[in-house]
Amino acid sequence: MSEHASHDLPFWRKYIFSTDHKVIGIQYLITGLLFLLFGFILMLILRWQLAYPGQPLPFIGHLFPESQMIGGIMLPEFYYQLGAMHGTIMVFLGVVPVAVGGFGNFVMPLQIGAPDMAFPKLNMMSYWLYFIGAVIMIASFFVPGGAAQSGWTSYPPLSNIASVGQTFWLVGMAFMINSSLLGSINFITTIIQLRAPGLTFNRLPFFVWAQFVTSFLLLLAFPPLMAASVMQLMDRVAHTSFFMPTGLVVNGALSSVSGGGSPLLWQHLFWFLAHPEVYVLILPAMGIVGEIIACNTRKPLYGYKALVYSVIYIGVLSFVVWAHHMFLTGMGTTMSAFFQVTTMIISIPSVVILTTFVLSLWGGSIRFSVPMLFALAFLPMFGVGGLTGLPLGLATADIHLHDTYYVIGHFHYVVAPGTLFALFAGVYYWFPKATGRMMSDKLGRIHFFLSFIFMNGIFLPMFIMGLAGVSRRLYDPTQFAHNLSTQPLNVVMSISAWLLGLSQIPFIINFFGSIFRGKKVDNNPWKATTLEWTAPSPPPHGNFATEPHVHRGPYEYSVPGAKQDFIPQSAPEGAR
Amino acid sequence: MSGDSGIRYISHPHPVTGVTNSKLGIWCFLASEVMLFGGLFSAYILLRMGAASWPEGSAILNVPLATLNTMILITSSVTMVMSWASLALKDFKKYRWFMAVTILLGLAFLVVKGFEYAHKFEHHHTPSTNTFYAIYFTLTGLHGLHVLGGILVNTYFLFPGSALWKKDPDQFMGRIEAAGLYWHFVDLVWIFLFPVLYLL
Amino acid sequence: MEKYYGWGLPIDISTHGYGIDRIIHIMHAAMALLFIGWFVFLIYVLFRFRARKHPVAIHDVKHFKFPTIVEVGVAVFEAILLAAFSFPIWVHLHDQLPSKEKALEVRVVAEQFAWNIHYPGRDGVFGRTDAKMMDAANPLGLDKADPAAADDVTTINQMHVPVDKPILAHLSAKDVIHSFYLPVMRIKQDAVPGQSIPVWFQAKATGDFEIACAQLCGLGHYRMKGYFVVDTPDKFDAWFLENEPKLLK
Amino acid sequence: MSGHTPEEIHHHVKIYIRVFAALAALTVLTVGVSYIKLPVMAAILVALFIATIKSSLVAAFFMHLANEKKIIYWILLPAVAFFLVLLVLISYS
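Protein chains in written order, with the numbering used here: chain A, 482 to 1057; chain B, 131 to 330; chain C, 18 to 266; chain D, -6 to 86.
Just so you know, not all the hints are guaranteed correct.
Stated by the list, open to error - Pairs of lysine-lysine, DSS-like flavour, derived with a Cα cap of 27 Å:
(1) K1008(A) / K79(C)
(2) K602(A) / K297(B)
(3) K242(C) / K252(C)
(4) K62(D) / K220(B)
(5) K79(C) / K1044(A)
(6) K786(A) / K7(D)
(7) K7(D) / K220(B)
(8) K1008(A) / K70(C)
(9) K1044(A) / K923(A)
It is worth saying that the hints were derived from the structure and are not from the lab. Please read these numbers as outputs of a predicted model, since none were measured by experiment.
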């Protein structure tokens, strides 16, 4: 097991089947970014149909097989595959792998001064389970009937009677679930056991706290979905009736299954995962933003304790709000009241976090670096996303807004200009640590401003459409009279989406170009305090030449009387 | 420091938490297992409450066989914990003996289970018969897979994995303890499955 | 029909919709206030403390009390919103169903991709239905042998209701989950197979509207459209007579 | 699992044997009770009560939870809490 001598390892052990948390982190990050791009492209295709329903897709339309497009005109089959797979890929194959698998793996052990994760082999297994799951998901596009098309939520009975792509979806999900299970066990153990001497819990960087709570969410929320997936798989393969009630008549024929099941059981188990999952998407983003704000204001985070408590509080409460996704399933008054109350309560810590971040800016010396721009943009974007969750959390307002574009706008503001901006911020921020080189500032700024404009161009009109009552998941929105007045907005949104796609080109050039041509920098280009910046860039196997000892809190910036405007956590006691 | 990787607390407990990495890790895993079976148990409750009629387990399942299986699993839990205790007493021979018995008992459990399944299939009682059989086969099947997984892990520790005993006895004991915790958990799940499916 | 729908909420012709619209409006006003206040502050801080003008950061910032006030304010506001606006409407819609004497009862049975409407007829009793009898000509599986079924009126995608009278609809689905959505009536309720979910509403104006499906139910989900016609009582009766089974006339 | 001295281990082994006896006896008991046709609710309560005792014995002694480090309890606490939340809320709805 002599892995110290990593330079002796053959290529495939060093870069492919590596057990080094940094290599795995980068594998996760790059795979995840590619899936984000892929999921985004699915949506770019889909948006043509929404903007110009029934018109042939120009240029590339004829490249698709007849099972997907005829004469360049998208079929509903393909439309619903694109929709379901966009959601699945973005959430499970894109954002979570980047936020947790990528940043969590790469940054967290460095920030706590550990040589690696507690279980390096499990870590490798986690990535490869994810990879296999992802391959299965992609493969499902090529099976008869195409990929899953019952939405990323896969509500039965529709998903039970769907084509074989749904089975692939379930098997793929099973791999994802086990991958994140191994990851979360590793994260929790590492954070509890492997912190450097002196790094007590109240000196932990906020990012590590966010990853810690996220890991608990993954650990405890995913298994019920595993149970549900097993049951749906049984329904589809062994013809059980977990989710099939008695007396179904599908396509005019009485269903042959025994019946007696409950379609709502799936929804309960699914949302028991999927609501905490929302916080799995957002907490690491908050962690990244916290780090970047502290560093770029050159002052400690305001209310570090309030932030930590809020994150824990969100984590716990996120397990008791799930049924607010199910207000319209015939829920009784007591249950709806319970879930409305918990939903309103969980909004408070989010308000606290947002306020605390803004107050952290007060009195700072704000550097508008590229990571900081993205981190700052996260704040109002997450604000919009969070606030628009409130009307949806009130069962009464939800009667009108449920399953409309308002919902789409709401969670995309949280995840797309919210989390994604934070992830971009993280890429720009930690890039020099991973490569020893900076990304181009100019390209970064172009990327930021274009992305900011077009993100809002896509998602802001969604609220207007939602209020007008336009439902989601419509292959052709013009079928209904109440959708017609806002249909021009679909054109605006689609054009914004395509331009947003173009706006990512500077990022792609910047990312790959800077690996080879970026400006070389020292170990701590941002002059930050946390431990990862005391390691060499890129950190060698084992991370630190000597084990760091921690003597102070994570954000000792601009300490009065100090020589520099930052004191690293590992600087000896009394260092000024 | 232990191991060449520089990762601490593999063999010896962390001075503050008092546990090794593997122990904390296996407990995290068991916590998630609680939620996995929690999801299935809540499915059981929901299906049963929503059902017009629910068959009495003892009327259609084989209670004596299941009782036998319960005894087998309980016994294997004792032999498992004895194998760990033998290591604590530095008695490696006894460890092997107890571990082998544990594995055999696990296999015996699966064989009995297999007879039970075969009997059901002969009478055309399959998962698709009704929701009772659906949840019965799913719960016991998933539990059976857990038993199988435990047997594989234990077999590894009986043969190739036991080489670690010479190199780092503390680490090896930690591994056996973790394997044991998992095995006891599987037993614990069965303790609930047995009355819920067979007796009620 | 353009006049009913613009860029805001669709017109509301229901008796209960006022409450829903009000909560949406109050909520958005409060959200706008909170967001604009917060955003202006953000811009101000970014401007005032930019590195060029404020090269040295302050390590220990005084404790701010105002945000705590805002947070408590938000919590109180949410509590009021729940108790005073949200709960009462929910109770009104779910627990205060109109009596069967007062209301017009209908069954709405959703299937891929149509809305079957079942009126009990003059006797006010729904005829027996059986899934085994369902076919293209009899999508509801109405048992013609049942005396209560003789006067039942069934339509496909045509829901006519009289104005100013409570309508009690029992929602169910034959195959997958659908959602019964009347934008102008502020009604949206899932139709879950295996369940019958009551929903009630009362129109206060006449007009021709649409029923939409608001839950992905398959490839034809986007065209699962029904017509929803609110008539004066006279016109409604006339329509009903016209559609009654011929043998009664 | 306080220590690993031979005396302590021998003491542990004695406990294991007793726990085994108790588990076997309780298994016989719960099967026996199931043959007396109790009302459904009572039967469920008795069976779950016995199962809870049995599993507590396994957890406390075989899994050493009776004398475990605090951190383990902290890991298990949320799992048990959310397990109950899932069970109670789903069965309530």
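Right, here's what the structure says about each hint:
1. Under the criterion of a C-alpha separation no larger than 27 Å, the hint pairing K1008(A) with K79(C) is consistent with the structure, at around 25 Å.
2. Restraint check for K602(A) and K297(B): the C-alpha separation of about 19 Å stays at or below 27 Å, so the hint holds.
3. With a CA separation close to 23 Å, the supplied pair K242(C) and K252(C) stays within the 27 Å bound.
4. Simply put, K62(D) and K220(B) have alpha-carbon atoms about 24 Å apart, close enough for the 27 Å limit, and the pair holds.
5. Proximity of K79(C) to K1044(A) is assessed by CA-CA distance (about 23 Å); at most 27 Å being required, the pair is judged to hold.
6. With a C-alpha separation of about 48 Å, the suggested pairing of K786(A) with K7(D) is violated against the 27 Å cut-off.
7. Taking the CA atoms of K7(D) and K220(B), the gap is about 18 Å. The hint holds against a cut of 27 Å.
8. For the proposed pair K1008(A) and K70(C), the alpha carbon gap of about 20 Å is at most 27 Å, so the pair holds.
9. For the given pair, K1044(A) sits about 31 Å from K923(A) by alpha-carbon distance, which is inconsistent with the 27 Å threshold.
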